[in-house]
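Quick note, the sequences are listed as chains A and B, same order.
Following my numbering, the numbering of the first sequence begins with 46 at its first residue and continues without gaps.
Following my numbering, the numbering of the second sequence begins with 25 at its first residue and continues without gaps.
Hints were generated in silico from the structure; no laboratory data involved.
These figures come from a predicted structure and were not determined experimentally.
Check the hints yourself; a few may be wrong.
[What the hints assert, rightly or not] Beta-carbon label-pair distances, calculated as ranges:
(1) A:ASN110 <-> B:GLU85: 34 to 44 Å
(2) B:TRP112 <-> A:GLU208: 43 to 53 Å
(3) B:PRO60 <-> A:ASP196: 27 to 37 Å
(4) A:GLU194 <-> B:TRP111: 42 to 52 Å
(5) B:TRP112 <-> A:THR213: 55 to 65 Å
No residue lacks a Cβ here, since even glycine has one placed at the ideal position from N, Cα and C.
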Amino acid sequence: MASEKELSDFLKNVEKRAFKRTLYAVRDDEAALDIVQDAMIRLAEKYVDRPAAELPLIFQRILSNATMDWFRRQKVRGAIMKNFSDFESAGEDGDFDILETLETQDGSTATESAAENVSRAQILLAIEGQIEQLPTRQREAFLLRYWEELDVAETAAAMGCSEGSVKTHCSRAVHALAKALKAKGIEL
Amino acid sequence: MKNQNIHLSTGGLEALQTRFGLRVASRLSEASRELPHDVTERLKASRELALERARLARRAEAATSVQASGSGGAASLTFGGGTGSNWWLKLASALPIIALIAGFMFIERVHTRQQIAAAAEVDAALLADDVPPTAYSDPGFVEFLKVPRD
Numbered sequence: 046m047a048s049e050k051e052l053s054d055f056l057k058n059v060e061k062r063a064f065k066r067t068l069y070a071v072r073d074d075e076a077a078l079d080i081v082q083d084a085m086i087r088l089a090e091k092y093v094d095r096p097a098a099e100l101p102l103i104f105q106r107i108l109s110n111a112t113m114d115w116f117r118r119q120k121v122r123g124a125i126m127k128n129f130s131d132f133e134s135a136g137e138d139g140d141f142d143i144l145e146t147l148e149t150q151d152g153s154t155a156t157e158s159a160a161e162n163v164s165r166a167q168i169l170l171a172i173e174g175q176i177e178q179l180p181t182r183q184r185e186a187f188l189l190r191y192w193e194e195l196d197v198a199e200t201a202a203a204m205g206c207s208e209g210s211v212k213t214h215c216s217r218a219v220h221a222l223a224k225a226l227k228a229k230g231i232e233l
Numbered sequence: 025m026k027n028q029n030i031h032l033s034t035g036g037l038e039a040l041q042t043r044f045g046l047r048v049a050s051r052l053s054e055a056s057r058e059l060p061h062d063v064t065e066r067l068k069a070s071r072e073l074a075l076e077r078a079r080l081a082r083r084a085e086a087a088t089s090v091q092a093s094g095s096g097g098a099a100s101l102t103f104g105g106g107t108g109s110n111w112w113l114k115l116a117s118a119l120p121i122i123a124l125i126a127g128f129m130f131i132e133r134v135h136t137r138q139q140i141a142a143a144a145e146v147d148a149a150l151l152a153d154d155v156p157p158t159a160y161s162d163p164g165f166v167e168f169l170k171v172p173r174d
């Protein structure tokens, strides 16, 4: 069973990322805060007897479900404004090669001047904007896999899908982000 | 560039994707550290609320387990304990209801028998008694006498 300190430390460590992740999905500060609070309370009330090591995966699952519930409620109210299904982004380009971005970042200075012209805050905003633009499942897979640092199996468990789907979502998300950021002259 | 990509193994491509993903994630972490004060305060309040709920859940769970062990002990004292004690406890609690139902059935049966005995007694007295002379002036009784019996 996780001790009170372990639970507190876990929530403290995860709360900001949870808020941002939810914000990318719902695009509403208040809604994101409510969802994160609900997820925290659900975790604390129902899974307090679980070992501390299991908390990250359980919390991510609860947070994903809470976000889905929010969208369902919005849909019922007729207020949903975005497509929540797992469609691909409209402008997907099969010719794009991620290597062009990554290898340029490693070995060339061709894009440095472009990056220098953009302030750090603007770069962060641009990255967040592109993250928001990703299809929901791609964004979820990408953030769980690389930001929450879950492995493929854990991400699949948190998302309720197969490991193959996680790999596909992550790959597409990486390609879409790399392409979009390169188009803006941003290097990481 | 394209040729290099063709020769890149699946593992190599995955490694590149992971590197890119982690770089983006580090920027996102950077952004998440600079949340507005009101948001961080609200998150802190949410966390404290969740921890309070966890404390309540722990207390409730502890109280339930103490109660369960207490009732188990009582059952052990009465029926000798073991896993069958709950079964005996249930049986003991059902006994008064069973006794009540049996009592009602017994009373109902005795009451019916008494009614039958009383009715038989009245019938026997009527049949054994003499017919009063005034009965022969009753047209109904005369008619009754005229009707042939099987």
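Evaluation of the provided hints:
no.: 1; hint: A:ASN110 <-> B:GLU85: 34 to 44 Å; result: violated, 23 Å
no.: 2; hint: B:TRP112 <-> A:GLU208: 43 to 53 Å; result: holds, 52 Å
no.: 3; hint: B:PRO60 <-> A:ASP196: 27 to 37 Å; result: holds, 33 Å
no.: 4; hint: A:GLU194 <-> B:TRP111: 42 to 52 Å; result: holds, 51 Å
no.: 5; hint: B:TRP112 <-> A:THR213: 55 to 65 Å; result: holds, 59 Å
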